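A.B. asks: Listed below, chain by chain, are the residues.
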Amino acid sequence: MYECNVCGYVYDPENGDPDNGIEAGTKFEDLPDDWCCPLCGVDKSEFSKQ
Amino acid sequence: MRPLKIAEGIYDVGVKDWNIRDFHGYSTSNGTTYNAFLIVDEKVVLIDTVKKGFGDELLKNISAVIDPKKIDFVVSNHAEMDHSGCLPQIMHVIGQEKPVYCSKMGEKNLKSHFQRQLNYQVVPNGSSMSIGKRTLNFMETRMLHWPDSMFTYIPEDKILFSSDAFGQHYAGHENFDDETGTSILGHAKKYYANILLLYAPKVKALIESVVAAGLDIKTICPDHGIIWRKDPGAIITKYMEWSDQAPTKKAVVLYDTMWNSTEKMAEAITSGLNAAGVEAIPMHVRKWHRSDIMTEIMDARAVIVGSPTLNNGLYPTLCDVLTYVKGLKPMNKIGASFGSYGWSGEAVKLLNAELTAMGMELINDGLKMQYVPDTDQLKTCFEFGKSIAEKI
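Sequence order for the protein chains is A and B. For the first sequence, the working numbering begins at 407 and goes up steadily by one. For the second sequence, the working numbering begins at 2 and goes up steadily by one.
The following block holds chain A by itself, in its conformation from the complex:
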C-alpha cells in the first residue's frame, strides 16, 4: 500500500483507480508516470510506502 503524503489517500492495488483508468490489480510501481492522487492531485513522487 502507498499513502499520499499530502492528503492521506491510500492507493490499494487490489482496487486500482478505475475512475482514472487504472484497472484493479495494478501495482503502484506500474502506475503511469502521469498518474496523480485522485484525491488531491499531487504526483506519484508524493507517495510513501506504508
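Misleading hints may appear alongside valid ones.
Unchecked claim - Lysine-lysine pairs mimicking DSS-like chemistry, simulated, CA-CA at most 27 Å apart:
no. : chain 1 : residue 1 : chain 2 : residue 2
1   : B       : LYS105    : A       : LYS455
2   : A       : LYS433    : B       : LYS203
3   : A       : LYS450    : B       : LYS71
4   : B       : LYS159    : B       : LYS190
5   : B       : LYS112    : A       : LYS433
6   : B       : LYS265    : B       : LYS109
7   : B       : LYS53     : B       : LYS6
8   : B       : LYS6      : A       : LYS450
9   : B       : LYS112    : A       : LYS455
10  : B       : LYS109    : A       : LYS455
11  : B       : LYS330    : B       : LYS250
12  : B       : LYS265    : B       : LYS250
13  : B       : LYS231    : B       : LYS250
14  : B       : LYS53     : A       : LYS450
15  : B       : LYS105    : A       : LYS450
16  : B       : LYS205    : A       : LYS450
17  : A       : LYS450    : B       : LYS265
18  : A       : LYS455    : B       : LYS203
19  : B       : LYS205    : B       : LYS105
20  : A       : LYS450    : B       : LYS112
It should be emphasised that the hints constitute simulated quantities derived from the structure, not laboratory data. Source: prediction; values computed, not measured.
With chain A fixed as given, assemble chain B onto it according to the hints.
C.D. replies: Just chain B now, kept in the frame of chain A:
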C-alpha cells in the same frame, strides 16, 4: 448579534468581518464571517475558532454564554487559518492541556501551522463521542476543501457543522437563510465556483454518500456566512447541480485591451451571441475581479477569450485570470480566442493553447485583426459570435 442561539445550548460565537474585501485573492464585496460554535452540554465544546486578530471578540461572545475556562475541548473541523488562527489563544485561555479533536490530516496540518505543541487527539472517520445529552459524530471530508477537512454532526439536534462546505462570504444583518431569502444563493454559488469547483466530482460523491447514509439534517452550520435552517435541502441540491457543471445557454467573453480594438471585437462578438439567444456579457479583466469571472464561467458553456498581442505575447492580465481559471478545473466547456494586434499577432495562438490545456474544446482557430477593426471587420466579429452560439 453574537452570540447567536441556533438551538437550545448551541450558539454561534463567531465574528463578522464586515470590511474585508480581499480574501486571499477572492473579492468579498460583502465581507465575510468566521463562524465558531459553542455547545453547552455536560461537556462544553467549541467547534473551530476564528481568524487571528478576532480572538478577543470570540472570547467576549463565549463569555456572554459561559466562562471560557469551562470549555472542555475544541473540535477543529478545518486547519485553515481563518478557522484555526485563534486556536493557540483559545487554548492558552481555556487550558493548554485540554484536547483538540481533529482528523488525522488535521493533526498533521495544525502541527505545521503552530509551533506551540497542543494536545491533538485524532478522531477516526465515522467515530462518535458522547458529550452528555448529545453525541458528536465525525466524518472526514478530505479535499472538501483541504486534506484535513471534517464534518461534525449532532444527531440529537440534527445539526451538521460543515466547516467550509455550504459556506458563503457574506456578512450582513441576517444570520439565517430564512432572513436572506434566495439572494444568498448567489454568494454560495460564488463560494462554490472559487473554492470547491476543482473538487466537484468529490463533492458530488461525498454528498451522495451523506444522502445514502440517511443523515437527517435539519440545520447546516457552515464556517462562513449564514446558517441554513429553513431549507438545508436547497443548498444541498444546488451543490449537486453545481458539481455536475451542466452547461447553460450562456457564454463568457473575457478580454483585456490596449487601445480599445480588442474591446470593440469583444462587444461585437457578444452582440452576435446575444442575437442568437445566448446569454453573454463582455467582461474586461481589469474591471471585473477574477473571482466574479470564475463565478460566471462555472455555468457557462463557452469561454471566449480576447487578448491584444503585447511584446509578442499575451497581455499579462489574461495570464492572471487564465491561471486562476485553469486551477479551478471547469468542465464541459468549449472555447474560442480573439484579439487585435499590431504586427506579429501571437496572442490568439497562445490563447488557444491555454484553452486546450484547460481541457476546453476549441470551436475554431480564433479571430485576429490588425490594429483597429473597421465596420466590416466588426460584422465579422458579430458573425463569429453567432457561429459560436450555434455550438452552444
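A.B. asks: Enumerate the violated hints, using their earlier numbering and listing them in ascending order.
C.D. replies: Hint check: 3, 5, 6, 8, 13, 14, 17 fail, others pass.
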